[in-house]
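Using the sequences provided together with the hints, build the complete structure.
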Amino acid sequence: MTFLRLSPEMQLRLAPWAAVVVLLAIWEGTVRVLGVPQYIFPGVIDTANALVEFHRPVSRHAWQTFWTTVIGFAIGVVVGLVLGVIVGSSKFMYRACYPLLVAFNAIPKVAFVPILVVWFGIGTVPAIITAFLISFFPIVVNVATGLATLEPEMEDVLRVLGAKRRDVLFKVGLPRSLPYFFASLKIAITLAFVGTVVSETVASNQGIGYLMMSAGSQMRMPLVFAGLVAISVMAMVMYQFFAWIEHRMTGWAHRR
Amino acid sequence: MTATATTSAAPETGRPFVAFDHVSLAYDDSGNAIEDIDLNIAEGEFVAFVGPSGCGKSTFMKLCTGLHQPTAGRITVDGAPVNGPLKITGMAFQNATLLPWRTTLDNVMLPLEIVQPHRARLRRHRKEYVEKAMGLLQTVGLDGYADSYPWQLSGGMQQRASICRALIHDPRLLMLDEPFGALDAFTREELWSVLQDLWRQQRFTVVLVTHDLREAAYLADTIYVMSKRPGRIIEKRQVPFPRPRNLELTYTPEFSDLVYDLRARIGSIREDNSQ
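Chains as they are written, first to last, in our numbering: chain A, 1 to 256; chain B, 1 to 275.
Since the hints were derived computationally from the structure, they do not count as laboratory data.
Mixed in with the good hints there might be a few duds.
[As the list claims (entries may be wrong)] Pairs of lysine to any residue residues, derived as SDA-like cross-links and limited to a Cα-Cα distance of at most 20 angstroms, are as follows:
| id | chain 1 | residue 1 | chain 2 | residue 2 |
| --- | --- | --- | --- | --- |
| 1 | B | K62 | A | E153 |
| 2 | A | K164 | B | A120 |
| 3 | B | K87 | A | E155 |
| 4 | A | K171 | B | W151 |
| 5 | A | K91 | A | A148 |
| 6 | A | K171 | B | V130 |
| 7 | A | K164 | B | P85 |
| 8 | A | K171 | B | R121 |
| 9 | A | K164 | B | L122 |
| 10 | B | K87 | A | R166 |
| 11 | A | K171 | B | R126 |
| 12 | B | K132 | B | R102 |
| 13 | A | K91 | A | D167 |
| 14 | A | K164 | B | K62 |
| 15 | B | K62 | A | V168 |
| 16 | A | K164 | B | L67 |
| 17 | A | K171 | B | P100 |
| 18 | A | K91 | B | Y27 |
| 19 | B | K62 | B | N83 |
| 20 | B | K87 | A | M154 |
| 21 | A | K171 | B | R123 |
| 22 | B | K87 | A | V168 |
| 23 | A | K171 | B | D147 |
| 24 | A | K171 | B | P85 |
| 25 | B | K62 | A | G162 |
| 26 | A | K171 | B | L122 |
| 27 | A | K171 | B | K87 |
| 28 | A | K171 | B | Y27 |
| 29 | B | K62 | A | R165 |
[Stated by the list, open to error] Examples of chain B residues toward chain A, derived with CB under 7 angstroms:
| id | residue |
| --- | --- |
| 30 | T65 |
| 31 | T89 |
| 32 | T97 |
| 33 | P100 |
| 34 | W101 |
| 35 | P111 |
| 36 | I114 |
| 37 | V115 |
Each residue gets a CB set at the ideal place from its N, CA and C atoms; glycine is no exception.
In structure tokens form, the structure reads like this:
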């Protein structure tokens with residue numbers, strides 16, 4: 001095994017790729033051994049072929065899903081940040097809003113889609129809103145937690161100097177909650193993809209969700225799986241992107 | 001015993017710097033946290049408060065700095081009644097509470113970004129303020145660590161930085177709430193000397209809240225012993241040792257006697273408690 005001869009560092013670096021290779025091997029092996037027809041469960045090679053053959057429609061729909069998700073996510077970030085600051089910077093608001101937020105978060109967001117369709121029609125808008133609705137919650141919770149767990153001593157030090165609430169928020173509260181905020185972005189972006197695709201499968205004629213739905217109804221399973229792969233890749237890339245930003249922006253929080 | 005001996009003696013001027021006039025504070029209906037506190041602190045005096053835990057020592061600090069208002073009695077500082085946060089105060093706690101995203105220097109300079117008139121002057125006179133902060137850091141032996149982050153400093157170094165932060169705006173009143181409580185014995189004794197030096201240079205008034213009787217005896221001009229909740233002052237002791245004091249002092253019989261007395265006094269409170 002050449003893999004075992006590599007340095008431990010290199011092994012760590014290659015570990016995620018090795019896991020992917022193993023998974024693909026198990027996938028393809030299972031399909032072949034059990035002789036599952038490709039219109040039920042296509043193997044890796046069938047899926048790859050579909051990706052190549054239909055790369056134009058797949059990339060067009062993927063692009064649609066991508067920008068829909070990013071817009072929904074961006075709104076989620078703004079709203080999440082504002083709500084998080086409001087909820088986290090006052091005990092009263094924390095008490096008042098938290099149960100509502102939790103209750104709201106427990107609603108399956110797919111249940112909103114029919115309502116959104118009535119309001120906005122079929123297409124991109126419901127998808128953007130669904131992505132937003134599903135992604136803002138972790139941001140609110142994390143920002144609020146970062147603000148609410150401020151040490152009382154720190155607050156005393158500043159308040160005795162005549163610091164206003166704003167000063168405490170900008171000098172201490174917000175910088176302190178940045179690591180929480182950036183950590184939540186990673187979670188939120190992947191959730192936003194879920195929101196978009198869910199909405200697209202129900203109420204759209206564009207996007208990966210729609211592509212999978214229509215391909216599925218024609219029993220073109222390799223294409224459905226090609227759609228799955230496209231979503232996973234986009235979500236993974238965005239997750240890594242925000243992980244990188246997190247590391248760049250809040251290195252001080254990770255060096256202990 | 002009269003006011004402290006020799007150079008360190010707090011000047012007994014006519015008007016006290018901090019005056020508590022029969023002050024009580026109740027946070028809620030469960031009774032007073034501290035009760036009927038009546039004392040005067042002279043400008044430049046080093047005062048220590050000792051007592052069993054939960055005796056309201058920290059409450060005393062909050063009252064003194066104007067972070068809380070008394071439910072009864074009157075507090076004046078420098079002749080004026082205290083009815084809001086007192087900007088002439090610097091505070092340091094058992095946790096150094098340094099901000100991990102700021103360097104030591106930026107941490108020390110934080111109060112300047114808040115308190116007037118420095119806040120308005122900081123941008124234009126930054127160089128002058130940096131020099132001042134560096135001077136303070138040098139006094140406590142941290143000048144080589146100005147650009148380090150808190151997580152690169154040991155606990156003792158963090159606490160030094162925290163004291164510098166409390167002193168950067170030239171407060172006239174320094175409030176210390178068990179500042180050395182989390183440090184090992186050697187570091188603690190080292191910081192006693194650092195604090196004494198700073199105090200002798202700048203002559204601010206110090207209120208030190210501590211569990212450590214040796215610390216109180218070593219540093220303070222006057223020691224107040226507080227009772228269990230509701231906290232009252234049950235004893236006031238003047239500390240006669242001349243300044244500057246050094247660690248040799250802590251091995252003398254006089255020092256031991258004082259600490260022993262204090263210990264006995266607090267022991268008797270605790271026994272009352274268990275009855």
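For each hint, the structure was consulted:
no.	hint	verdict
1	B/K62 / A/E153	holds, 11 angstroms
2	A/K164 / B/A120	holds, 15 angstroms
3	B/K87 / A/E155	holds, 14 angstroms
4	A/K171 / B/W151	holds, 19 angstroms
5	A/K91 / A/A148	holds, 8 angstroms
6	A/K171 / B/V130	holds, 19 angstroms
7	A/K164 / B/P85	holds, 11 angstroms
8	A/K171 / B/R121	holds, 18 angstroms
9	A/K164 / B/L122	holds, 18 angstroms
10	B/K87 / A/R166	holds, 17 angstroms
11	A/K171 / B/R126	holds, 18 angstroms
12	B/K132 / B/R102	holds, 18 angstroms
13	A/K91 / A/D167	holds, 17 angstroms
14	A/K164 / B/K62	holds, 17 angstroms
15	B/K62 / A/V168	holds, 18 angstroms
16	A/K164 / B/L67	holds, 13 angstroms
17	A/K171 / B/P100	holds, 12 angstroms
18	A/K91 / B/Y27	holds, 18 angstroms
19	B/K62 / B/N83	holds, 12 angstroms
20	B/K87 / A/M154	holds, 15 angstroms
21	A/K171 / B/R123	holds, 16 angstroms
22	B/K87 / A/V168	holds, 15 angstroms
23	A/K171 / B/D147	holds, 19 angstroms
24	A/K171 / B/P85	holds, 18 angstroms
25	B/K62 / A/G162	holds, 14 angstroms
26	A/K171 / B/L122	holds, 15 angstroms
27	A/K171 / B/K87	holds, 18 angstroms
28	A/K171 / B/Y27	violated, 29 angstroms
29	B/K62 / A/R165	holds, 18 angstroms
30	T65	holds, 5 angstroms
31	T89	holds, 5 angstroms
32	T97	holds, 5 angstroms
33	P100	holds, 5 angstroms
34	W101	holds, 5 angstroms
35	P111	holds, 5 angstroms
36	I114	holds, 4 angstroms
37	V115	holds, 4 angstroms
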